[in-house]
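*Asks:* Protein chains in written order, with the numbering used here: chain S, 1 to 265; chain Z, 1 to 265; chain A, 1 to 265.
The hints are simulated quantities; they were obtained by calculation from the structure and are not laboratory data.
Wrong hints could be hidden among the right ones.
Said to hold, decoys possible - The calculated label-pair distances, taken between Cβ atoms and stated as ranges, are:
1. D253(A) to T86(S): 17 to 27 Å
2. S262(S) to A254(A): 30 to 40 Å
3. A112(A) to Q48(Z): 15 to 25 Å
All values reported here derive from a predicted model rather than from experimental measurement.
Ideal placement from N, C-alpha and C gives every residue a C-beta, glycine not left out.
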Amino acid sequence: MSAQVTGTLEALRERAPLVHCITNLVAMETSANLLLAAGASPVMAHAQEEIAEVVGAADALCINIGTLDPGWVDSMTAAAEAAGETGTPWVLDPVGCGATAYRTETAGALTARQPAAIRGNASEILALAGATDGGRGRGVDAGADSVEALDAAGALAESSGAVVAVTGSVDYVTDGRRIVAVANGVPLMARVTALGCALSALVAACIAVGEDRLSATAHALAIMGVTGEVAAQAAEGPGSLRWRLLDALDRLDADTLTQMASIEG
Amino acid sequence: MSAQVTGTLEALRERAPLVHCITNLVAMETSANLLLAAGASPVMAHAQEEIAEVVGAADALCINIGTLDPGWVDSMTAAAEAAGETGTPWVLDPVGCGATAYRTETAGALTARQPAAIRGNASEILALAGATDGGRGRGVDAGADSVEALDAAGALAESSGAVVAVTGSVDYVTDGRRIVAVANGVPLMARVTALGCALSALVAACIAVGEDRLSATAHALAIMGVTGEVAAQAAEGPGSLRWRLLDALDRLDADTLTQMASIEG
Amino acid sequence: MSAQVTGTLEALRERAPLVHCITNLVAMETSANLLLAAGASPVMAHAQEEIAEVVGAADALCINIGTLDPGWVDSMTAAAEAAGETGTPWVLDPVGCGATAYRTETAGALTARQPAAIRGNASEILALAGATDGGRGRGVDAGADSVEALDAAGALAESSGAVVAVTGSVDYVTDGRRIVAVANGVPLMARVTALGCALSALVAACIAVGEDRLSATAHALAIMGVTGEVAAQAAEGPGSLRWRLLDALDRLDADTLTQMASIEG
């Protein structure tokens, strides 16, 4: 699968998928810039008055509940519904699921609307799967290790029909049958806000151009992880890592990606 | 006109105009930082409870519909109305006009409230002028080339009374009679989100200190474009371009600006 | 007190306090990244549906009125109330207090709910103390010098029970009895948006791990100021200062902090 990841990166750059993001207020700019650096085209829109039109024009949708409130949840729900009607693939990022009842309920209700993929950390996936209470995680950071959420991810994939990605020191992607492990990235990435959110938007972009959701999701994780590794070589801290990630993704070449991508399964 | 552009930059730094921005959620930080780097002073405020007071204190206003919703449109409308009463010049950035009916309607309604200037890409200006349906542009990126929107820009300038700027590989500014062409900037700028939005805020700042709107708008485009060219000399991608733009604008000197600015008409 | 400041930095890194921020739309990403670089853990949440739960889980709360509107003010009020019930210390950043009646009223009402600390520039503190009309400051920048607001800060501290920090070229912190002066930082920091807002979040983080509020607040100001001085050594403008601040804070060591911190009183 390491060889195919370059195909996904090339497809992003050639087809420049339009990715509609309904994301949180912290992650908006980072998500837009990551999509642009990957070759995709972002559009942010949340008004009920235009949701269906934007979803209809988009190649994929990313819904992120990081700074949810009732108005935005209505928009997310309308977008998910519109995506169901048009067959637009969409990704759910259940930020903070398990940390508050409101987030858990909202993430659960959105999951019922058939996302193509769900990406979260171990705490979030555990909570969303109902396997545990998610440890009442510290904010939106992971508490548990990703491997601890593997069974929950599989169960969630089966019950929801979504490909489920649990990200951590090693990332796991599963459709309930196959499991793919992606071992890329560096710990410093967790010290930059919204990279996980932006990654979810990249998953949406890759699904838009990919042949199957499981591979496309794994490819997005590998592209992000390899980009982080390259950026970290010259970074002196989280501030420089943040902008170096965009430069590295913009310049990422097929050889480097093939050589560095660690995708198994 | 290339000589006069340095006068506008000096005026920005000496007079530090207060620019009230009602802008989109992606562009807020970038707009504030660009204004600060230019010597202006940003203020973001959208509550009906204070709109008139903030407009009254400001030297210029920038309204950007990038992440519009009914509450924000009400604020934009109130701000445009207040600006009309106080004679505060204001700039409209019709982000995504033509991409959805809601954006086209909102941009049209705001245009009727007499902005001093309108800045958009070719698709947006074409759609706003009603000359075409804007090609149902891909998100908020330009589809058409700027020169293709030149007639539409002229018609829009005449009908609205605004100076209209169409930005692209070459930027055009017109008041319906004169046309000024600004040939600065680099393609990499289009790979950084919200630079167009921040440019619209800079247009507002320049109009606040400039003698005539047409020149001030052209000067803003030239200052931004030259800044981008300088930043791009050392940038290794969109991530480094983004912060280098702020450094370059902060350090931009009169000689460099005069020498590099390409303003004709 | 210069020696103790290293204890606060170490405590931030060891205990990683969870800091709940209800902050403005410009400052969200910068605040989150500054907290992460300091070793703290940010969470942004504003929905009434989860405010009490998030406050209950947090070690400290920061409320910033920079882009207030009635919905957000309701959230801020609910959060302050919840913090009062759980004994969670919280910091108020009265952005633009004095610039509009709405901001002055909102800041006043929040001050009545017993923040542990208040951080603002001279204009804001003067306005909040009712000592003057705050000069109807230019946007959210300081007009007056910090020392001019020292009496007002003392009066505000006494009347509110909060530790009050007035930041400027020299920062002053007072509980109405003691006054601590912190003389760190560089002027270029004022050319980067939202650093003051992010500093208020850092004050909240330090109070969460500190032994007394006065010292913790002074330590936060010194940590931020020293970080700015270190970052400015290599910065070439506001763009590079912004990311270098995060790198510098991440790498700040006890010796550098002890040597450079200028805390008196």
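*Asks:* Take the hints in turn and mark each one as holding or not.
*Replies:* Okay, the hints, checked on the actual structure:
1. D253(A) to T86(S): 17 to 27 Å: Since D253(A) and T86(S) have Cβ atoms about 54 Å apart, the given range 17 to 27 Å is violated.
2. S262(S) to A254(A): 30 to 40 Å: For S262(S) and A254(A) the Cβ distance comes to about 37 Å; the hint holds.
3. A112(A) to Q48(Z): 15 to 25 Å: 24 Å, holds
The structure fails to meet hint 1 from the earlier list, while all remaining hints are met.
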